Amino acid sequence: MLTLTINDVDLEVDVPDDMPLLWVLRDVLGMTGTKYGCGIAQCGVCTVHMNGNAVRSCVLPVSEAAGNKITTIEAIGKTALGKRVQQAWLEHEVVQCGYCQSGQIMAAVALLEKVPDVDDADIDLGMAGNMCRCCTYTRIRGAIKSVAKA
Amino acid sequence: MNTQRYSSLLSRSRLFGLVGGMLSLWAAAVLPAQAQDAEQSQIERGEYLARAGDCVACHITEGGKPFAGGLAFELPFGTLYSPNITPDKETGIGDWSDDDFVNAMQKGVGKDGKHYYPAFPYTSYTLMPREDILAIKAYLFSLEPVHQPNRDNDIGFPFNQRWGMMFWNWMFNDNERFKPDPEQSAEWNRGAYLVEGLGHCGECHTPRNLFQARDSSKALAGAEIQGWKAWNITSDDEHGIGAWPDEALASYLSAGHAEGYGVAGGPMAEVVNHSLRFLTPEDINAMVVYLKSVEPQSEGIKRPPLKQLEASVPQQTDHPLGRKLFADTCVSCHSWDGNGRQTPYAALKGLRTVHDPEALNLIQILLDGDALHTANGNYVMPSFGEAYSNEELAELSNFVLEHFGEVEGQLDAKTVEERRQAP
Amino acid sequence: MNKNSSAPVSPERRRMLKASGVALGGLLIATWLPPMVPKSFAIQRLEEEPEDHELQPPTALGAFLRVGHNGHITLISPKIEMGQGVQTGFAMMIAEELEVPLSQVSVAEAPPNPELYSDSILNFQATGGSASTRSNWEPLREAAAAARIMLIQAAANQWQVSAADCRAENGQVIGPGDRRLGYGEVVAAAAELTVPENVPLKKPEDFKIIGKPAQRLDTPSKVDGSAKFTIDLHVPGMKIASARACPVVGGTLVAVDESRARAVPGVVEVIKLDNAVAVIGDHMWAAIKGLEALEESVEWDFGAHGGIDQAQIEQALRDAFERDGAIANDVGDIDKALDGAESKIEAEYEMPFLAHSPLEPMTCVAQVRADACELWVGTQAPVFARQAAAKASGMPAEKVIIHNQWIGGAFGRRLETDFITQATAIAKQVDYPIKLVWTREEDTTHDLYRPHYIDRFAAALDADGMPIGWSQTIVGASVLARFAPDAVPPNGLDSDAVENSANPLYPLSNLRVRYVPEAPKAILNSWWRGVGPLHGAYVVESFVDELAYAAKQDPVDYRLKLLGDQHPRAQAVLRLAAEKANWRQPLPDGRGRGVAVQEVFGSYLATVVELQIDANNGVRIKRLICVADCGIVTNPTSVHSQLEGGTLFGLSAALYNEITVKNGRVEQSNYNDYRQLRISDAPPVEVFVVPSTEAPGGIGEAGTAMIAPALMNAMHAATGKRFRRLPLARAGFHVI
Ligand code: FES
Ligand code: FES
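Protein chains in written order, with the working numbering: chain A, 8 to 157; chain B, 2 to 424; chain C, 112 to 847.
Calculated from the structure, these hints are not laboratory results.
Please read these numbers as outputs of a predicted model, since none were measured by experiment.
Hints may contain errors.
To be verified - Straight line, CA to CA, 27 Å or less: simulated DSS-like cross-link-like pairs of lysine-lysine:
#	chain 1	residue 1	chain 2	residue 2
1	C	Lys-383	B	Lys-66
2	C	Lys-383	C	Lys-350
3	A	Lys-121	B	Lys-308
4	C	Lys-383	C	Lys-632
5	A	Lys-152	C	Lys-733
To be verified - Taking CB as the label site, the calculated pair distances span:
#	chain 1	residue 1	chain 2	residue 2	range
6	B	Glu-91	C	Gly-414	26 to 32 Å
7	C	Ser-337	A	Asp-17	19 to 25 Å
8	B	Lys-308	C	Arg-836	42 to 48 Å
9	C	Ala-415	B	Glu-132	36 to 42 Å
10	B	Gln-317	C	Ser-337	39 to 45 Å
11	A	Gly-37	C	Ala-275	44 to 50 Å
For each residue, glycine too, the CB sits at the ideal point set by N, CA and C.
Could you build all of it, start to finish, from the sequences and the hints given here?
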C-alpha cells in the first residue's frame with residue numbers, strides 16, 4: 008500500500024511499485040486528464056507536476072511518486088498561474104484535437120513558474136519535450152508569451 | 002532529497018534480494034541442502050552459478066532460445082559463434098560426460114578434443130571447482146533440449162588452426178582452481194572467486210595483450226570491448242572504484258545503478274540483467290570487498306567532479322544544436338541538473354560516460370539505446386540512431402560532455418558514422 | 112447499463128420515422144431520431160439518468176438538430192470532432208439560421224446511418240477529405256432555416272397572426288406588439304408542421320455569427336482535462352486490454368505460453384486471436400507487462416511476407432513503370448512534343464510510407480452481449496465501424512450500437528476499422544466490456560500507411576523554356592482499390608492517386624498522365640492527411656520549379672506566365688504570398704525561398720518557405736507563409752488554426768518521416784525513431800486568408816499538401832541542389 012498525495016489529497020493505492028504513475032492516475036484513480044502517448048518520455052502528454060516540477064508520469068514509478076506532492080491537470084486551474092494559462096489557451100484558441108493539451112498546459116505552467124518572463128528561446132527549450140501532432144505550436148507560443156507579459 | 006532517494010533505492014534492492022522471489026535460489030546457494038532433495042538442490046545451485054557466470058549472455062541470440070547458442074563474436078581475426086549448450090543429444094551437449102564438461106570449463110577443450118577460442122572465458126572458469134561446474138551441468142541438463150545445429154566459425158588462417166590454442170593455453174591458461182587466500186577473510190575469498198572466476202569480470206575489464214590474452218599486469222584496469230569502454234574497476238580512487246562507498250558499489254552491481262557514480266549500460270547492463278541482479282546480497286558484498294582490494298591502476302577516464310547544476314536551461318554553451326536536441330529528447334528524463342527527473346536511474350552526474358572525451362559509451366547508448374532490468378522495474382533508454390543524423394548525435398554528445406562532464410568533446414559526424422559502422 | 116442509451120432503435124421504428132420525414136436537398140431533416148445519441152461524455156452519462164433536456168423526446172426537428180423544451184439546441188453532428196473545429200463550425204451555421212446565440216447550441220454525435228448522414232462529396236458517412244464544411248454548408252443551414260420557419264409559424268399560429276409579421280431573434284419568436292415566445296414553448300407545435308421546401312438562406316452580408324471568430328465549443332473541457340476521448344472512457348465492469356499482433360502483415364498466431372502473462376499481477380485473461388494475442392488486465396500496466404511476459408513464448412507463422420525488405424518493395428515499384436497502367440489524361444500528342452522539343456527535362460520524385468501516429472493511439476471500448484454489441488469509439492467512419500463490429504461479433508448490423516467519440520488525432524487513421532474488429536473479437540471472448548488500448552509501438556508498427564509513391568516526369572520545352580507539354584507516370588499503391596474497390600473503374604484508375612496530376616493547374620496543350628497501381632507486399636496503405644493532393648501537389652510543384660530554374664526564370668513569374676489567364680484565384684494567392692514573403696528581395700548566400708501554388712480540396716493555396724543553411728547541413732526555416740482562398744469562411748479562427756497546424760503537420764513529415772520495412776516488419780516503433788516536429792523545430796506560420804464569397808473550400812488538409820514542395824524548392828534555392836526524395840532528413844539535413 009502506497010500513499011500518494013495528488014492534488015492535495017492523500018490517496019492509498021495498492022499497486023506494484025514499478026507501475027508508472029500514469030496508469031495509477033488513469034486506470035486506478037480514474038483521473039484521465041493525464042494522457043498516454045508514448046510511454047518512453049518522448050511526447051509529454053503524460054506530464055504532471057511533482058513538487059512543482061514537470062515530470063513524465065509514464066516513466067515515473069509510483070514508488071518514486073509516493074511522498075511527493077503530485078499535481079495534475081484536474082487541479083492546475085486552482086492555482087492562479089494555472090488558471091491564467093488555461094485562460095490564455097482558450098483566448099489564443101490553441102486547442103485542436105486537444106489530446107496533448109493537458110500535458111502542454113502542465114509543462115507551460117512549470118516553465119512559467121521558473122521563468123516568468125519567458126522569451127522564444129526559453130519556450131523552445133522548455134516546451135520541446137511536449138509534442139503536439141496537430142502542431143498547435145504557433146499558438147502555444149503565443150499563449151505562453153501572453154501569460155509572461157501579463 | 003537525493004540522499005533519501007538513494008538510500009531508499011538501496012534498501013529496495015536489498016529487500017528484493019531477500020523477498021523478491023529469489024528466496025529459493027538464495028537458500029539453495031547459501032544454505033546447506035539438508036531439507037532438499039539433493040539433485041534438485043544441485044540443479045538450483047547450478048542455476049544460481051550459471052547466472053553468476055552469466056552463461057546465457059553468450060549462449061543466446063536475439064529472439065532465440067536460452068542456451069541454444071548462435072551468438073556471433075566479431076573478433077579481430079574472424080567471427081565465432083557460441084555453441085548450443087542445451088541437453089540436445091545431436092546439436093547440444095546432451096551426450097557429454099561429466100569429464101567432458103569439466104574439461105571444457107577448465108581447459109577450454111571440447112568433447113571432440115578441439116580447443117576453444119578464449120572468447121569462451123574458460124581462463125576464468127578454470128578457477129571453478131569440479132562440484133560447481135557439475136552443478137551448472139546438472140542445471141543445463143534439467144532444461145528442455147533445443148535442437149539447433151551450431152554455426153561454423155568464420156575464421157581465416159592461421160587463426161582457424163585450433164591446435165595453435167594449445168600453445169596459447171600453455172602461455173595463458175593456468176588451469177588452476179581457485180585457492181583461497183588464508184590471509185584474507187572468507188568474504189574476500191568468496192568475492193575473489195566470483196570476480197575472477199565465475200563472474201569473469203576481467204574478460205572485459207582487463208586489457209588484452211597482442212595474443213588476445215588478458216594482461217595480468219593491468220588486471221581490471223579497464224579496456225575497450227565491442228566498441229564499449231569497460232571501465233577501470235580497480236581500487237584506484239580517481240580512475241577506479243576506490244572512492245565509491247561500499248553501498249554504491251553494491252547497488253551498482255545488484256541494480257545497475259549508483260547515483261552519482263554509475264549506471265550500467267550496454268554489455269554491463271546485460272550482465273546486470275542476466276546475472277548480477279540475481280546474486281545474493283552476501284555475494285554482492287563479497288564482490289565489493291574483493292574489488293575494493295584490487296591493486297589500484299591509474300588508467301583510463303577519471304570520474305568527473307560532481308557539478309552543482311541548475312535544473313534550468315544552461316544559458317551558455319558552445320553547442321547550441323546539442324542543447325536543442327537535449328531539450329527535445331533527453332531532458333524529459335535526465336533533467337538539466339543531471340539528477341534524473343523521474344528516477345535517479347536517469348542521473349548523469351558523476352558518470353565516467355559523460356567525462357570521456359571520446360564519448361564511446363555515450364554514443365553507443367545514443368545509437369542503440371539501453372535497457373536495465375531492476376527490482377523496481379525496467380529502465381529503458383530509447384535508441385536515437387535511426388532518426389537522428391550524425392551531426393546531431395555528435396553535437397548532442399559534445400553538449401553532454403560540456404555540460405555534465407568537464408571535458409571538451411570534439412566529436413563530429415565522421416566519428417559518429419564510424420561508430421555506426423563498427424561491428 | 113442505462114436503458115436509454117443501450118437500447119438500439121428497432122428497424123421497424125426507424126423505417127416508420129423515416130417515412131414521416133420529408134426529403135430536402137437529398138437530406139431528411141424532419142426525421143425524428145430517438146434519444147440514443149450520446150454525447151462524447153457518453154460513459155459518464157450512462158451511469159446517470161439523462162436529465163438533459165435535449166435528450167427528451169419528442170421535441171426533435173430533424174436529423175441534424177433538435178430543440179429542447181427549454182429552447183436549447185442540439186446539433187446532431189454528422190462529422191466527428193478531431194481537432195478541426197468542425198462541430199463548432201456546424202453549430203455556427205445552425206445558430207446563424209436559427210437565430211440563437213452560439214452558446215445555446217450543444218453537439219451530439221450522429222449514429223451510423225448512411226441514409227441520413229452520408230457526405231455528398233465522399234459518398235459515404237465519414238469525416239475526411241476536407242469535405243465536412245464543403246458538403247454540409249448548405250444542408251445544415253437549410254435544416255436550421257426550415258426549423259426557424261416552422262418555429263415562427265407555430266408561434267404565429269398560437270398568436271393567430273401572420274407568420275410574415277413575426278421574426279426570430281435570440282432563441283425567441285417575436286410577434287406584433289413585441290409578443291415573445293421562446294423556441295422551447297412552441298417546439299411541440301412546430302414539430303407537427305410540414306417542413307417547408309426551398310427555404311431561403313441568409314445572405315452573407317446579414318451574417319451575425321458566420322465569419323466572425325468564435326471560440327470552439329469543445330475547448331474548455333480540453334484545457335482542464337475533463338474532455339473524454341475513447342482512451343478515457345470507463346463503462347461499469349470494464350477491463351483494459353492491449354494487444355500484440357503478428358509483426359508481419361498476413362501472419363498468424365501459432366502458439367503462446369499464456370501462463371507467463373497470467374502470472375503478472377493484475378492480469379485477468381489472455382486472449383488468442385487469429386493474428387494476435389491480447390492481454391486483459393485490471394489496468395493498462397498489467398496488460399503491458401503481460402504482453403512483455405509473453406514476448407518470448409509467442410510463436411508466429413509469418414506467412415508469405417516475412418522476408419520482405421524495403422529494397423524489394425522499392426524495386427517492385429520501379430519495375431511497375433514497365434507496365435501500362437491506366438491513362439488518367441491524354442491531351443494533344445505528348446510523344447510528338449517530346450520528340451520535337453527544343454529541350455527536354457526529366458525528373459523522378461519519391462515519397463515514403465508514412466504512419467499517422469496520432470497522439471491518442473488506437474483505442475476502442477467494446478462489449479458483446481447476448482442482445483447487442485456496443486462500442487464506444489472515436490471513428491471517422493461510423494458505418495464501417497458498425498460493419499466491422501457486426502462481422503467480428505457475428506451480430507446483425509442493427510444490433511451494433513456505435514457511440515462515436517471525440518478523437519485525439521486521426522489524420523485518416525480512424526477511417527480504418529482494424530482496431531475495432533480486434534476490440535470486438537476480444538470482447539466476444541469475455542463477458543464484460545473491454546477497452547482496447549494499443550501501445551505506441553503497436554500503433555506505429557500496425558498502421559495502414561500512406562503509400563510510397565514514385566513519379567517520373569518528362570517535359571518538352573520550347574525555346575523560352577516554357578513547357579509544350581509533359582508526361583507523368585505515377586506508381587504507388589491504390590488506396591481506393593483496397594478501401595472501396597467498387598469506386599475504382601476496371602482499368603484501375605484511382606482518382607485519388609492522380610489528384611492534381613491528371614488535371615494540372617497549369618494549362619498544357621500536350622499532356623499524358625499514367626497511373627500504375629502497385630500494392631507493396633508486407634504493408635497496407637491507407638488515407639493520410641492530405642491524401643491525393645499531398646502527393647500531387649508535391650510532384651507537380653517540384654517539377655514546375657525545376658522547369659522554372661531550367662528556364663532561368665523566377666519561379667513565381669514562371670508560374671504566373673504558365674497560368675496565363677487561367678485560375679485567377681490561384682494567381683491572386685500566389686501574388687499575395689510573394690508580396691508577404693518579400694519575394695523580390697534578394698537573399699544572401701546560403702538562403703533561399705521556395706514556393707508552391709495549387710488548388711487543393713476546393714481551396715486555393717500558395718505557400719512560401721524561406722530558409723537558411725549552415726555549413727553542417729543545419730536548416731533553419733526563417734519564414735513560412737501560407738496564403739489561402741478557401742471561399743467563404745465560417746469560423747476564421749478554425750481556418751487559421753487548420754492552416755497553421757496542417758502546414759506544420761506536413762512539415763513534420765517532409766523533414767523527418769519515413770516508414771521502412773525489414774523482414775516484413777515495420778522498423779520504426781516509437782517517437783525516438785519515428786521522429787515528429789517539436790516546438791523547437793517549428794517556425795511560426797504566417798497565415799493570410801483572402802476574403803471570398805465563393806463556396807467554402809476544404810481546409811483541414813490543404814496546408815499539409817502544400818508544404819513539402821515549398822520546402823524542397825527552397826532547399827534548391829539555397830543550395831543549388833535538387834532533393835527529390837522525401838523526407839529531407841534522408842539527405843542528411845537537420846533543423847537548427
Ligand atoms: S506518454 Fe509520457 S512522455 Fe509520452
Ligand atoms: S492538439 Fe492534437 S495533439 Fe496537440
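Evaluation of the provided hints:
1. At most 27 Å may separate the alpha-carbon atoms for a hinted pair to count; C/Lys-383 and B/Lys-66 meet this at roughly 22 Å.
2. Note on C/Lys-383 and C/Lys-350: the hinted pairing holds, with a Cα-Cα distance of about 16 Å set against a maximum of 27 Å.
3. Straight-line distance between C-alpha atoms of A/Lys-121 and B/Lys-308 comes to about 21 Å, which keeps the hinted pair within the 27 Å bound.
4. Of the pairs offered as hints, the one joining C/Lys-383 and C/Lys-632 holds, with about 25 Å between alpha carbons and a cut-off of 27 Å not exceeded.
5. For the hint pairing A/Lys-152 with C/Lys-733, the CA-to-CA distance comes to about 20 Å; that is within 27 Å, so the pair holds.
6. For B/Glu-91 paired with C/Gly-414, a C-beta distance near 30 Å keeps the hint of 26 to 32 Å intact.
7. In this structure the supplied range 19 to 25 Å holds for C/Ser-337 paired with A/Asp-17, their Cβ-Cβ distance being about 23 Å.
8. Take B/Lys-308 and C/Arg-836: their Cβ atoms lie about 44 Å apart, and the range 42 to 48 Å holds.
9. Evaluation of the 36 to 42 Å hint for C/Ala-415 and B/Glu-132 yields a failure: the beta carbon distance comes to about 53 Å.
10. A hinted range of 39 to 45 Å for the beta carbons of B/Gln-317 and C/Ser-337 is consistent with their spacing of about 42 Å.
11. Distance hint check for A/Gly-37 and C/Ala-275: the Cβ-Cβ separation is about 55 Å, which falls outside the suggested range of 44 to 50 Å.
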